[in-house]
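Here the structure of chain A is known, so what remains is to put chains B and C in place on it, guided by the hints.
Residue numbers (this note's numbering), protein chains in the order written: chain A, 1 to 242; chain B, 243 to 465; chain C, 466 to 546.
Calculated from the structure, these hints are not laboratory results.
Predicted, not measured: the structure shown is a model, and the values here were computed from it.
Heads up, a few of these hints could be off.
[As the list claims (entries may be wrong)] Per label pair, the in silico range of CB-to-CB distance:
#: 1; chain 1: B; residue 1: Q430; chain 2: A; residue 2: F25; range: 46 to 56 angstroms
#: 2; chain 1: C; residue 1: S511; chain 2: A; residue 2: R163; range: 55 to 65 angstroms
#: 3; chain 1: C; residue 1: Y492; chain 2: A; residue 2: V15; range: 16 to 26 angstroms
#: 4; chain 1: A; residue 1: M67; chain 2: C; residue 2: S511; range: 55 to 65 angstroms
#: 5; chain 1: B; residue 1: V347; chain 2: A; residue 2: G19; range: 56 to 66 angstroms
Beta carbons: idealized from backbone N, C-alpha and C, even for Gly.
Single-letter residue listing:
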Amino acid sequence: MFGRGLRTLSIASLVLVLGAFSLVFFYAPNDADQGFVQKIFYLHVPLAIVALGGFVTGGIYAVRYLMTGDRAHDLRSYVAIHLSLILGIGVLATGSIWAKASWGAWWVWDEPTLVSFLIVFLLFACYQPLRFSIDDPERQARYAAVFAIIGGAFVPLNFLAVRLAQSLIHPRVLSTTGGDMPGSMRLTFLISFLAMVCLFVTLWKYELASKHASMRLRRLRRALAGDDAAGPLARTAAPTQL
Amino acid sequence: MSAVAALIRKDLRMELRTRESVPSMFLFSLSTFVLFRFGLDRETLAGDLASGVLWVTLLFAAVLGMNRLFVAEREEGGFDAFLLAPVDRTSLFVAKATVLFGFLVAVEIAAIPAFAVLLLGPSPFQALPGLLAILVLADAGIAIIGTLVGALAIQTRARDLIVPLIALPLVLPVVIAAGHATSPLFAQAGAEALPARWLGVLGLYDLVFGLLALAVFDFLLED
Amino acid sequence: MPALPLDDAGPYVAGAYLVFLALILIYVAIMASKLARIERELVELSELAERRAAVPDEEREAARPDEVLAGDRAPRARAGR
Chain A
1 MFGRGLRTLS IASLVLVLGA FSLVFFYAPN DADQGFVQKI FYLHVPLAIV
51 ALGGFVTGGI YAVRYLMTGD RAHDLRSYVA IHLSLILGIG VLATGSIWAK
101 ASWGAWWVWD EPTLVSFLIV FLLFACYQPL RFSIDDPERQ ARYAAVFAII
151 GGAFVPLNFL AVRLAQSLIH PRVLSTTGGD MPGSMRLTFL ISFLAMVCLF
201 VTLWKYELAS KHASMRLRRL RRALAGDDAA GPLARTAAPT QL
Chain B
243 MSAVAALIRK DLRMELRTRE SVPSMFLFSL STFVLFRFGL DRETLAGDLA
293 SGVLWVTLLF AAVLGMNRLF VAEREEGGFD AFLLAPVDRT SLFVAKATVL
343 FGFLVAVEIA AIPAFAVLLL GPSPFQALPG LLAILVLADA GIAIIGTLVG
393 ALAIQTRARD LIVPLIALPL VLPVVIAAGH ATSPLFAQAG AEALPARWLG
443 VLGLYDLVFG LLALAVFDFL LED
Chain C
466 MPALPLDDAG PYVAGAYLVF LALILIYVAI MASKLARIER ELVELSELAE
516 RRAAVPDEER EAARPDEVLA GDRAPRARAG R
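Chain A on its own, in the form it takes in the complex (with noise of 0.2 angstroms):
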């Protein structure tokens, strides 16, 4: 049910991600403001968008769970905001490791696009400390779509506030070129993207699948073996029962 497509789906993140990682390497020209260590933007930005995207996504599946309270949408929002906040890690630290060797510092308030990431992560790093809290599952799957719709809301007007907080005075540190991109490093930047998302849609699929089969398991072994056998069901944060 979960797993349909997800062979494809791998391999077409396969091609993408090493036919993306080529064209950083061997196609895209070297920055002339920031020289070889522009090459980071190519991993960074597809990676915050595709995070960014996974935490409206997340949102969006929790829409879904509250207006037809199947609980199929509720693990798609969980498994979505799940994977984001992985994602949202690896943004966070390639994001300072450009910044290190951009600036000097490990962090930099400037980037306005990175501070708001940062307020992000830090919100939806309480999704799973929330779930985990409510012990009744029917209530910790509404209570968490709730959460997840007002974070989703929340990601855009963030944005707008960080980005109007950055005077004039900072120019942006993490852009490309001060003119526009150049046609080669545009097609890298769409390459990488689209094998963001299509990475993203393979693990969301993958750790869906991963889930369904762990529950429907559990339902089976409750059929053949009693229901003293499964065992009580520790306190969890991920949905256990669609």
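This is chains B and C only, laid out in the frame that chain A set:
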């Protein structure tokens, strides 16, 4: 509408009787001002620094208020009673948000003069009209988020931890906007003009989250 | 912004891409261990089912599979739930 009024009256009456939230929030603000005096090692503040200290203090005091907002409902069974009543569920949200807004205003009426006396360098009177506008908009945003987060957290186990963890990032745009708007008002040389675009940001934030809260609050009340 | 020479910049770029790779591979490793556990449980349960199929119907006292799988059963009170 009458349900909202009744709920507000109930909460205000309770607050007047028990004097739980507002005095604690005010005392906490005072302590925080003293903390900042020593933490920053300064006796007067102006400009950005004054604005930042004021808003961070108000925010932390607000978190105290958020924690207490739904406690009575939770402990005395008020949620069940409310759900049984034939009223629109969002009236609870409107009532609670108004109450929290009222608490914040009450605290500010006392805390801002205290701030002016204790820490603020330049005279506050020039800043007052602009400050009032910012306070109204920012308090509305904090009240909306505070009510949402309070309702979200009240049913969880780690209520007191969850509220600040979730509320602080959500309220950050308000702090950014209010802080940026207030700092020219506290300029050492005398209050400068209020940057209007930050009021616009605050207004937008209040609108978006107000509508969102109205849409989503029902789901927090279902049994 | 002067361009860093390749020797200086190389480690940073490599570091960033390695962080990405590490994240993905750690994720894969965790998912792999979950898959191994699923496989183990599946083997266990299929053995159980085969043993069950060999036993005559009247001697079976455990829950009827169809009821549980329909999901309508009220959950039994259990310690820890």
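Against the structure, the hints come out as follows:
Range check, B:Q430 to A:F25: about 53 angstroms between beta-carbon atoms, so the 46 to 56 angstroms window is met. In this structure the hint that C:S511 and A:R163 lie 55 to 65 angstroms apart at CB holds, the actual value being about 56 angstroms. As the Cβ distance of C:Y492 to A:V15 is approximately 20 angstroms, the hint placing it in 16 to 26 angstroms holds. Checked against the hint of 55 to 65 angstroms, the pair A:M67 and C:S511 fails, with Cβ atoms roughly 38 angstroms apart.
Remark: the range hint 56 to 66 angstroms for B:V347 to A:G19 is upheld by a beta-carbon distance near 59 angstroms.
The structure shown violates just one earlier hint, number 4.
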